[in-house]
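Trainee: Using the sequences and the hints given, assemble the complete structure.
Residue strings, one per chain:
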Amino acid sequence: MGTARWIRPLGAVAVAAAMTLVPAPAATAAGPPPGSAAARTEVSISSVDLDGPAVSTVEVTVKNTGPQRMRSLKVAFSGPAGWAVQPALVDVPGTFAAGAAATAEFRIQVPEKRRGFTLRTFTATATYAGGDGGGSASGTRTQASGTPLANLAAAYNNVGITDESDTGPGDYDGEGNSFSAQRLAAAGLTPGGRVRALGAELTWPDVAPGTKDNVSGAGQAIALSGKGGALVLLGSGVTGGATGTVTVYYTDGTSTSGSFGFPNWSFDPADAHGATLVASSDGRNRQDGYGNQGIAYRVFAHSVALDAAKQVEFVVLPANGNVHVFDMAIAP
Amino acid sequence: MLEIPAVSRRLLLGGALATGAVMAGAGAGAAHAAPADPAAALPVASPRRARGQKTMTGVPFAVHETVRVGLIGLGNRGSGMGEGWAAVPGCRVTAVCDTRANRAKNLADRLAARGEPRPAEYGGSDDAYAQMLRRDDIDLVYIATPWEFHHRQGKDALLAGKHVIVELPVATELDELWDLVDTSERTRRHLLLAENCSYGRNELAMLKMAHDGLFGDVTNGHGGYLHDLRSLLFSDTYYTDAWRRLWHTRSTASFYAMHGLAPVAAAMDINRGDRMTALRATATAPKGLADYRERFVDRSHPSWKETYINGDLVTCLIDTAKGRVIRAEHDVSSPRPYSRINSLAGSRGIFEDYAGTSSTGGRIYVEPDHGGHSWRDFDAYRKEFDHWLWKKIGDDAANNGGHGGMDYVLQWRTVQLMRAGLVPDIDVYDSATWCAPIPLSVMSLAAGGRPVEVPDFTRGSWVNLRTGLDSRESSMPPVA
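Sequence order for the protein chains is F and E. Quick note: to get my numbering, add 183 to the position in the first sequence (first position is 1). Quick note: to get my numbering, add 26 to the position in the second sequence (first position is 1).
Incorrect hints may have been included.
Said to hold, decoys possible - Lysine-lysine pairs mimicking DSS-like chemistry, simulated, CA-CA at most 25 Å apart:
# : chain 1 : residue 1 : chain 2 : residue 2
1 : E       : 417       : F       : 296
2 : F       : 257       : E       : 348
3 : E       : 409       : F       : 395
4 : E       : 418       : F       : 296
5 : E       : 331       : E       : 313
6 : F       : 493       : F       : 410
These are calculated hints, taken from the structure and not from any lab test. A quick note: this is a predicted structure, and the numbers were derived from the prediction, not measured.
Mentor: The following block contains the structure:
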């Protein structure tokens, strides 16, 4: 799990910034001097102008917080996947005394702003000799624009439950199959019904069968308020590899992230990825009607840890369409 | 290896198209020695920039309150575009020229009938255009003559102090392409390819999606020009003096892949952060035109004296400095539905045009939005990533322009750039690079498909990120 600081929006422009210092494994044989464990090279990234389409200039500052002179400094910078950067690597000449900082300048191609809420993450990595002896250090900066969706229902983008008398709208798995509303009810999952899992009180989607009722993960940002020890997600996976990272942003501008995954709704072991089985329904609805009787189609719960002292503001779901979420809630 | 015989056309003597030889000397630069490694790209020389000559990258047009256009070549393409230029706010056609004087008169009549000022007419000789270029009321010259005249007329227009927009291709030989680059730099006038498809709605959306990162890191693209032109090529009226068919008697080359190549190149920021480095070509046997003639053309037709040597499908594989691969195809002599292919793919997804059932003609598959190994319609993405030009003037384009409105968008944007004093979306370096596969494909095929270096027409400035077709919205200055 990583930790980041998220800087609040300024003025009318909903732009947030964050920077993390992520010490990388030592790249040199020499380790940090005794007693200098807290003195880590700081890598910070300037604010990125996201008003595209444009080419923006970015400065990466590397501060030598170690006791030795820093030398052979090289700085790499990257933006979101597909964003061109020039140059990819800056070789910074000279050496830098303890406490001194060096700056490398990059240019990045920024696209036109997308509608809705977006988070853009930038990463810089410095490699060096001397300094804190660590050999390399990284920093990230995350900037946001727009407003998170009001709730999970606002992000529903998939029909996962259909009535056995009308299976056509369903497409939970990308192949036209869906849960049977009747069989889910037999397993205790009814529209608007309470579901208790992993200490959280969740709600089964309160919508009619055949309508959008769950979120296929695409990195959506969802507003969520509360405090607690864990964020619990209710859902299941399709095809394979229904895993990803959930990032929770707090009102103080910080964030935590955690990895989780759901088993496939049918064929994975029920505890795959560390998930917990919540309910099993018998068979599924196919495009030609109810079928596959005798095979279990399941719903699971999984959680990621929260900083219990902080107030949650919004959650960013995994950017993995194989992860389907019916609800999420905070557990004490 | 395909036989590439010498030809008699004056414009082709000494060029790659004429000889099929690997051309190491392009202009004044020193030729490189052939590499010892047979797999290495065959070198081509790049002339050094003359002292005092400067790049045209990032150079804005001077502000023109009204853009006054002179037209050279008024066949099917030129005459149609003439009315399009006149329809753009703040643009006036001041002179028209064609070797056939009646064409100039006909277009002048049509413009006058629309209430436009009657343009001056030039024609009756091969050099009538040179007289037109002496006028001082022309800011932009539009050239739509047969390919063999583009280089000379484009260069002469630059030397006359005009900006120039040339139908595909701007030139067909490497030394001619370098000559246009150098002449543009010396005269400080822009020359650009009239690459209308780069302004296509799907192509521009594809570009914006690439820049947003929807495809992840773009690794490959595929474009081309696949258009069954057989009946038009054998028409006695469509292409004046059958000029386009005759190109198929001269050489095996990727004559006209730019309509599909350019949008892929734009999405990869070629000359704006990446560049083409090597090209290798393949060609199928030339069967299509002869077969068509055998079945549909009377034995008395002059085409029966011709031998077609251009491969039906000429494919170029182009490497880029960032390790990407572009596949550019050209086929105008086979029976098939139309396609420019327009495909772009990367680490997170793929777009394909001319496929699927979407009303846009495109289909898409990008993570994390999609899964299950099944294509999705392009419609929602086209709507979200629709270029501001189409949102702003799409309706006008539909009413005024051919090719689905792309022609008008190209014309409107070109006039807007000149009137507002902005940097052109497409410059002489893009134009030369996109047309270079013509001679380079000849060279590669003559060397058995061996890769050939692609010249860096920017002379090093390709490393610099800069905007182009993915532009920021701006307005057409009001017409006084």
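Trainee: Hints first: check each against the structure and report whether it holds.
Mentor: Against the structure, the hints come out as follows:
1. 417/E <-> 296/F: 16 Å, holds
2. 257/F <-> 348/E: 20 Å, holds
3. 409/E <-> 395/F: 22 Å, holds
4. 418/E <-> 296/F: This hinted pair holds, its Cα atoms lying about 18 Å apart.
5. 331/E <-> 313/E: 16 Å, holds
6. 493/F <-> 410/F: Since the Cα atoms of residue 493/F and residue 410/F sit roughly 6 Å apart, the hinted pair holds (cutoff 25 Å).
When held up to the earlier numbered hints, the structure conflicts with none and fits them all.
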